[in-house]
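Q: Sequence:
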Amino acid sequence: MDVIGFVGVSATGGSVRSAKGEGLARRRWRTAMSAENSRTNSHVVIEHHKGESEGDSPTYQLSLGERARTVVNTCSTGTLCTSSVRHDGVPFGSHVDYILDQDGRPIMLLANSAAHTGNLKKHNKISLFCQPPTSSGQSGGRATLIGSVERVSRVDLEELVDFFVERHPHAKEALTYAEAFHFYRMEVEDVYFVGGFGVAATWVPMEDYTKAEPDPIAFEATKLIDRLNSSGSEDMRRLCTIFCGIEDTFTASVVSLDRLGLDIRVTTEENTFEYRICFRENIGTSFDAQSGLVKLLQEAWEREHGYEDEWVDAPPPQVVRYFERKRERGAELTQ
1 MDVIGFVGVS ATGGSVRSAK GEGLARRRWR TAMSAENSRT NSHVVIEHHK GESEGDSPTY
61 QLSLGERART VVNTCSTGTL CTSSVRHDGV PFGSHVDYIL DQDGRPIMLL ANSAAHTGNL
121 KKHNKISLFC QPPTSSGQSG GRATLIGSVE RVSRVDLEEL VDFFVERHPH AKEALTYAEA
181 FHFYRMEVED VYFVGGFGVA ATWVPMEDYT KAEPDPIAFE ATKLIDRLNS SGSEDMRRLC
241 TIFCGIEDTF TASVVSLDRL GLDIRVTTEE NTFEYRICFR ENIGTSFDAQ SGLVKLLQEA
301 WEREHGYEDE WVDAPPPQVV RYFERKRERG AELTQ
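According to my numbering, numbering within the sequence shown proceeds without interruption in unit steps and concludes at 335.
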């Protein structure tokens, strides 16, 4: 188990303990969990049924508002869709840079001469499509904001102007032309969120989006995912076998990571599954996430190599199966 190659140190700053020793994760859970929670099986998988995410959000995943807010916050550019003046209201898509204010409203710096700005002067209803470059394609999360825009002065934006330049350095020169560029703020009226292929695709209640906080590890998640996927197929096999109960020949990869856990896509000869393995600890930083991943890898190794009795007082991490796609006569069906 090459966990040292993955992150180098444990949560306490020292090297990762040997599986034969009293590791940090094991010590914590031996003292924190009571015997009445004891379980002998190493995997308990909960089924996630389609439509569950429309109501109260389950505890094992971010709420719809948090996921949508995270996607929009992680992006710094999007596709602005305005109603074309030239083509009688036909939707006109164009690139735009933006930042978010504290309520999740996009702030854009637009050139007076741009086609989309001309469209806005005629009709200010817009949509803004956001998808991080690292999650492009159908498998990636994305969000579409619906609403209207109004021009705002630099004075009204206060410190957000500096934040805009920090996020988009090229804007510094544009701002020297005070009459050529102006800020616009989008009043978001509705949000449509797609979690990925076969996952949530739904409208998000505005109150949930406005009050939500972006996931704290979103900007580092891609690096952590890449490092975990490149750490070796043996680690991934072990996680899926021990925690998800997969025994067939398969390939697996981590497709997303947030403060509550990681999503793993498993492909066998006949099926494709997607699972969530949850963290036990509260994750607030990327270092916390690294530590949580190390503990999962260490626990899986110990359970596989006969040290399961050391975890008798600790239930396995919560595991959820999102969906299953079966291949039938050359076609893929979603269940």
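Derived by calculation from the structure, the hints in this document are not laboratory data.
Please note that a few of the clues may not be correct.
Unchecked claim - Once the Cα atoms are required to be at most 30 Å apart in a straight line, the calculated BS3-like pairs of lysine-lysine come out as:
(1) 122 with 172
(2) 211 with 223
(3) 211 with 125
(4) 125 with 172
(5) 121 with 172
To be verified - Listed next, with one range per pair, are the computed distances between beta-carbon atoms:
(6) 129 with 163: 47 to 57 Å
(7) 162 with 210: 21 to 31 Å
(8) 247 with 79: 36 to 46 Å
(9) 159 with 182: 13 to 23 Å
(10) 267 with 93: 27 to 37 Å
(11) 232 with 163: 38 to 48 Å
(12) 285 with 312: 27 to 37 Å
(13) 111 with 227: 32 to 42 Å
(14) 155 with 267: 46 to 56 Å
(15) 169 with 284: 41 to 51 Å
(16) 247 with 211: 41 to 51 Å
(17) 101 with 248: 10 to 20 Å
(18) 173 with 305: 51 to 61 Å
Computed from a predicted model, the values in this text were never measured in an experiment.
Glycine included, every Cβ here is placed at the ideal spot set by N, Cα and C.
Q: Honestly, do residue 155 and residue 267 meet the 46 to 56 Å range at C-beta?
A: holds (55 Å)
Q: Measuring from beta carbon to beta carbon, are residue 169 and residue 284 in 41 to 51 Å?
A: violated (29 Å)
Q: Is residue 211 close enough to residue 125, meaning Cα to Cα at most 30 Å?
A: OK: residue 211 and residue 125 at ~23 Å, within 30 Å.
Q: Taking 32 to 42 Å as the hint, is the beta-carbon distance of residue 111 and residue 227 inside that range?
A: holds (40 Å)
Q: Given the proposed pairing of residue 125 with residue 172, does the C-alpha separation stay at or below 30 Å?
A: Given that 30 Å is the threshold and the Cα spacing comes to 28 Å, the pair holds.
Q: Given the hint that residue 211 pairs with residue 223, test it: the Cα-Cα distance must not exceed 30 Å.
A: holds (27 Å)
Q: Can you let me know if the beta-carbon spacing of residue 232 and residue 163 is within 38 to 48 Å?
A: Given range 38 to 48 Å: holds, Cβ gap about 40 Å.
Q: Do the Cβ positions of residue 162 and residue 210 conform to the proposed distance bound of 21 to 31 Å?
A: holds (23 Å)
Q: Could you see if the CB distance from residue 247 to residue 79 stays within 36 to 46 Å?
A: holds (44 Å)
Q: Within 27 to 37 Å: is that where the Cβ-Cβ distance between residue 285 and residue 312 falls?
A: holds (31 Å)
Q: How does the Cβ-Cβ distance of residue 267 and residue 93 compare with 27 to 37 Å: does it lie in that range?
A: holds (34 Å)
Q: Within 41 to 51 Å: is that where the Cβ-Cβ distance between residue 247 and residue 211 falls?
A: holds (43 Å)
Against the hints set out earlier in the document, violations occur for numbers 6, 15 and 17.
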